[in-house]
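Undergrad: Going by the UniProt record's numbering, the sequence shown wraps up at 339, each residue one higher than the last.
Calculated from the structure, these hints are not laboratory results.
Lysine-lysine pairs mimicking DSSO-like chemistry, simulated, CA-CA at most 30 angstroms apart: (1) Lys130 <-> Lys165; (2) Lys325 <-> Lys165; (3) Lys152 <-> Lys130; (4) Lys325 <-> Lys298; (5) Lys165 <-> Lys140; (6) Lys298 <-> Lys152; (7) Lys140 <-> Lys160; (8) Lys163 <-> Lys152; (9) Lys160 <-> Lys130; (10) Lys98 <-> Lys40; (11) Lys152 <-> Lys165.
Here are the simulated distance ranges between beta carbons: (12) Pro161 <-> Thr101: 34 to 42 angstroms; (13) Lys130 <-> Ala81: 22 to 30 angstroms; (14) Asp234 <-> Arg310: 39 to 47 angstroms; (15) Arg25 <-> Thr284: 20 to 28 angstroms; (16) Val13 <-> Gly129: 54 to 62 angstroms.
We treat Cβ as the ideally placed atom computed from N, Cα and C, and that holds for glycine.
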Amino acid sequence: MHSTSPYYAEVAVDVRVHFTPGELRIQPGRAFRLECVTDKPGTSPVLQFLDGRPITSDPRFVVSRPSTERAIIDVPGGLDARDRQIIIECVSPSGERKTSTIFIELGCQPGQRRCPSGQCIFVGQFCDGKPDCDDGFDEKPENCEYCDPITKPCEVVNGKPPKEKTYELHWRCDGEDDCGNRFDEQNCLNDTRVPDKECGATHFRCGTEPYQYIPFAYWCDGGRDCRGGEDEADCSPPTIIQTQRQETHRVRPGGRLILECEASGVPPPMIIWRFNWRCLRDETRMRTQAVPSSLGCKGSKSRLTIENFREGDDGIYNCEALTSKERAMSQDIFVFLSP
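Let the sequences and hints guide you as you build the complete structure.
TA: Now the structure itself:
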């Protein structure tokens, strides 16, 4: 039951409360932050768990109050996987309640999803007509609609169906036909890792004239494919070198948010964006584009633009730099919706 402090009953004026983000999906041990604000000067929100216990009863949750009206919850050490789900309430003096739900999810390898038992299986094994999770979780219709930011479906090209169900995003435009009908190699001039034809094209150019061209996928794959071995020279793993200098952003409803991420690496890595460790919410309003890197062909840079920012867009954003062999993840970027 909810607490019914007489403090609420004494407040005649209706006080609204704003709690952001309303939902978070985090990995165990990852720090996160929540903010709650009342809309009337001199009023203060009350923070509690859904069962009415004060938030301060759990030492993992640290509460600060920069002003009377604003309360900030920091969880610097993150939460344990055994917590699974925690719901926090922010209550105004007049009794209005808003909740924030935190889901703690263990991560699998890229291109995989977790069964309730903890078992990891490939995304393509979900809803393929054959149960792979111990309890058949992967074949239940309600679990088919899931978005993985790395694994994408192969589609029909000019009437030719694909031979494979999915491909990995960092395989796109790498000179190899991974879908079996070249779906992942379509429209590559508009989908390069780097907006420079010398290092963002589908093929790597070996040495000097007469030039030899090899698929981008063969660049730094551990085997010498160029006659002179140039494709295995100066290889370096992806490293995030720059995200937003400001780790916390506040955006008003209807506003625009721009985030940038830069990564070093040879070959230039593919950069993807995650929201609450999953896909971006609405790709019609959320646009990603490759922009020139300060490192030329030894790095990549991506810009994420979100138009008409709204409730539900607030949460944790990350960028991830991927090559065929290695990956690097940025620090968390916290984005709050301003009242």
